[in-house]
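Those protein sequences? They're chains X and B, same order as listed.
Position 19 of the first sequence, counted from 1, bears residue number 19 in the numbering used here, the numbering being contiguous throughout.
Position 262 of the second sequence, counted from 1, bears residue number 545 in the numbering used here, the numbering being contiguous throughout.
The set of hints was computed from the structure by calculation and includes no laboratory data.
All figures in this text were calculated on a predicted structure; none of them were measured in a lab.
Incorrect hints may appear among the rest.
Unchecked claim - FRET-style restraints, in silico, Cβ to Cβ:
1) R318(B) / A181(X): 20 to 30 Å
2) R547(B) / G73(X): 53 to 63 Å
3) Q487(B) / L23(X): 22 to 32 Å
4) S498(B) / A172(X): 47 to 57 Å
5) R176(X) / G542(B): 53 to 63 Å
What the hints assert, rightly or not - To spell it out: a stretch of chain X is covered by chain B in this simulated footprint if at least three of its residues, at any positions, have a beta carbon under 8 Å from a beta carbon of chain B; those stretches are:
6) 54-68
7) 73-80
8) 107-113
9) 122-130
10) 196-210
11) 220-234
12) 266-272
As the list claims (entries may be wrong) - Residues from chain X that keep clear of chain B, each with C-beta distances beyond 10 Å, as calculated:
13) G141
14) Y146
15) T254
16) L261
17) L278
C-beta atoms are modelled at their ideal positions from N, C-alpha and C, and glycine is treated no differently.
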Amino acid sequence: MAVATSSPAGKAGRKRVLPGFGLSLGITLAWLGVIVLIPLAGLFVKAGGLGLQGLWEIWTQPRVLSALKLSFGTAFTAAAFNAVMGTLVAWVFVRYRFPGKRIFDAMIDLPFALPTAVAGIALTALYGPSGWIGQWLEKAGIKVAYTSLGIVVALVFVGLPFVVRVVQPVLAEVERELEEAAATLGASRWHTVSRVVLPALWPAVLAGFGLAFARGVGEYGSVIFIAGNLPGLTEIAPLLITFRLDEYDYASATAIALAMLLLSLAVLLVINTLQARLSRRGG
Amino acid sequence: MGDAITAVIAMPRQELRAPASTVQNGMASAITEPRWVQVVLIVLALGFLLGFLLMPLLLVFVEALRAGLPTFLSAITEADTLSAIRLTLLVTVIVVPLNLVFGVAAAWAVSKHEFPGKRLLVSLIDLPFAVSPVVAGLVFVLIFGAQGWAWPLIDEGWHFALPGLGEYTLQLPKVIFAVPGIVLATLFVTFPFIARELMPLMEQQGSDEELAALSLGASGWQTFWRVTLPNIRWALLYGVLLCSARAMGEFGAVSVVSGHIRGRTNTLPLHVEVLYNDISGSYSAAFAVASLLALSALVTLVLKAYLEWRHSDSLAANRRH
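The shape of chain X in the complex, shown without the other chains (with noise of 0.2 Å):
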C-alpha cells in the first residue's frame, strides 16, 4: 500500500504553519517506539546476544531450514498465484458488466475481515478429503490438506485482496485512448492488451505481489489448521518459533524470527526496486 507522500498540490503553503506540529510528531514518535521499535529493538539485541556463530549453528539446523524454505516457498507460489489470479479478477470487475458484481466485490475484502483461524478451520474442512471440493480433488489424486499444498490454498485465501485491491483503481485509470490508437494502428486485441494495457499494470500487480508475499510469509492462524504441521515437511516458520517458545528456547524462536524478518525485508527491498525501476520506464 505504496502512499504519495508528496502531492504537487498546495506544497508550497505547507511549510509548518499549521500549528500541532510537535505535539503530533511527538505522539507519533512515542508511539512509533513504545509500540513497535522497542520491542522490535528488544529481538535484535537478543539475537545479537547469540553472536553471529550461535545464530549460523540455529539456522543451519535441517528443521530450521525446511521451515523457512517453506515458508517462504509456499509464500512465493502464493502471492504468483495472486497476482494472476487477483489481475484477471480486477480485469474482469473493470472491464465487463455481469450480474451480481457489487456482491462479489465487496466480497474481494473478505480476508481482511474474516479471522485468520476462522478461514483456516474454513479452508480445511472445505479442502479436506471429504470436504465439498477436497473429494472431488481426492477422487482425481490430488491431496490437499494436511499438505504444503493447503498451506499455498491457505496463502492464496490471505493474499488475494492485496493484489485486487492494488490492480483494480491502476487498471481503472488506464486510457482507452491508448488501447484505441494502438487498435486504430493495426495492433490485434490480444496485441493490444500484451503490449500497452498489462505494461501499465506491472508495477501495481508486483506491488500486490509483494504485499501478498510478506503476509503470507508470516501468516500463522490460517495456515496451521490445513498445513499437517509434520516437522521437516508441512511445518512452517512461525508455528517453528511457537514450538521454541514453548520448551522456553527463546534463542532459537529470535534466531528464527530473526531470519525471518531479514528474509523478508530483503524480498521487499528487491520488490521495491524493481517496481520502482518499472514504473519509471513506464512513465
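Following the hints, put chain B in place on chain X, whose structure we already have.
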C-alpha cells in the same frame, strides 16, 4: 394481436440494430474482447472467488448449524465462550481508541507538514505489516516473559525509598499469559491501520481549508475539530472498521502471548482453536463460535461497502470504486 405488435416492434429494431451494431462492434471490439472471451474470463474469475472466498464462508455457517440449533445455541452461550467474547470486546475497546489517537496524530504530522525523514517515518509506521504476527507476540515475550528484561519488575518489583516518605515498591502487572500482553500484541499488529487510511486522504486535501480557518482567527484546536475532523470523519470510520476487524480477529500474535487459559486469556479466535483441537467432539462447537466471527466479518464488509458507496468522496482515492 400481441404477437403482431411484438413482431412489428421487433422488426424495425432488428433491422435498425444490424447496421448500428456492426459499427458499434467495429469500434468496441477494438478496445474490448469478443463476448466468448469475456464469458470465459468472468467464469474463471468467479469460479476462483467461489472456491476461495464464498464456499469457505458458507461452510462456516453450514457446519455451525449442522448439529442443530440447540447445539449451536448452547455452544455460543457456554461460559467459556461468553468470557472469550467479553475479552475480545475488551481488547478491541482498548486498542482501537489508542490507535485512533495515534493514527490522527501521525496523519496530521505526516500529511500537513514537511520535515526531514518523513519517508522513513512512513515506512516505519508500515513496519508491522512486514512482521509475522508470531514475531509480534515473540518480541513481547522477550521483554516481559519469565526470561525477559522486565521480568524482575514484574516478579519482585522495584524497591525504592523516598527520604522521609518511607519505602515503596513499583511492580508491573503480569503481562505474558495475561490481558496486558494480549493488548500489547494486538496494538502492534493493528498499529498502521488507521494512520494508513488517513495519510493519503489528508495529503490530497492539503491544508488550504485549515489555513483559511487560522487566518480567520480560529485556534489550532478549533481548526482541527471544526475543519479537519469533519473532512476526515468517514475515512476515520473506515480505518476504525478495519482496525476493529483485525483487533477482534487477531490470532497469531495473541496466541503467543495468551497462554490459552480457558475462561481467562482466551479470545474468541483462540477459543475457536481450542474447541477445534478438543478431542471430545466439539467440532461443531468450534464452527458455532467461528460463525459469530464470520457474522461480524460480514457486518464489517457491509459497512465497508456502504462507506465506499455512500461516502466515496470522503475516502482516499484508492478506496473509491
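Right, here's what the structure says about each hint:
1. R318(B) / A181(X): 20 to 30 Å: The hinted range 20 to 30 Å holds for R318(B) and A181(X), with Cβ atoms some 24 Å apart.
2. R547(B) / G73(X): 53 to 63 Å: Given a distance of about 38 Å, which is not inside 53 to 63 Å, the answer is violated.
3. Q487(B) / L23(X): 22 to 32 Å: holds (23 Å)
4. S498(B) / A172(X): 47 to 57 Å: Roughly 38 Å apart at Cβ, these two residues miss the hinted range, so it is violated.
5. R176(X) / G542(B): 53 to 63 Å: Distance hint for R176(X), G542(B) holds at roughly 57 Å.
6. 54-68: Our answer is that it is violated, as 0 residues pass the Cβ test (under 8 Å) against chain B, missing three.
7. 73-80: violated (count 0)
8. 107-113: This one holds; 7 residues, not fewer than the three required, reach chain B with a Cβ under 8 Å.
9. 122-130: holds (count 4)
10. 196-210: Check failed, 0 qualifying residues.
11. 220-234: Coverage by chain B holds for the stretch 220-234 of chain X (3 residues, Cβ < 8 Å).
12. 266-272: violated (count 1)
13. G141: Answer for G141(X): holds, closest chain B Cβ roughly 18 Å.
14. Y146: The claim stands: Y146(X) keeps its Cβ more than 10 Å from every Cβ of chain B (closest is about 14 Å).
15. T254: violated (7 Å)
16. L261: violated (7 Å)
17. L278: holds (19 Å)
Against the hints set out earlier in the document, violations occur for numbers 2, 4, 6, 7, 10, 12, 15, 16.
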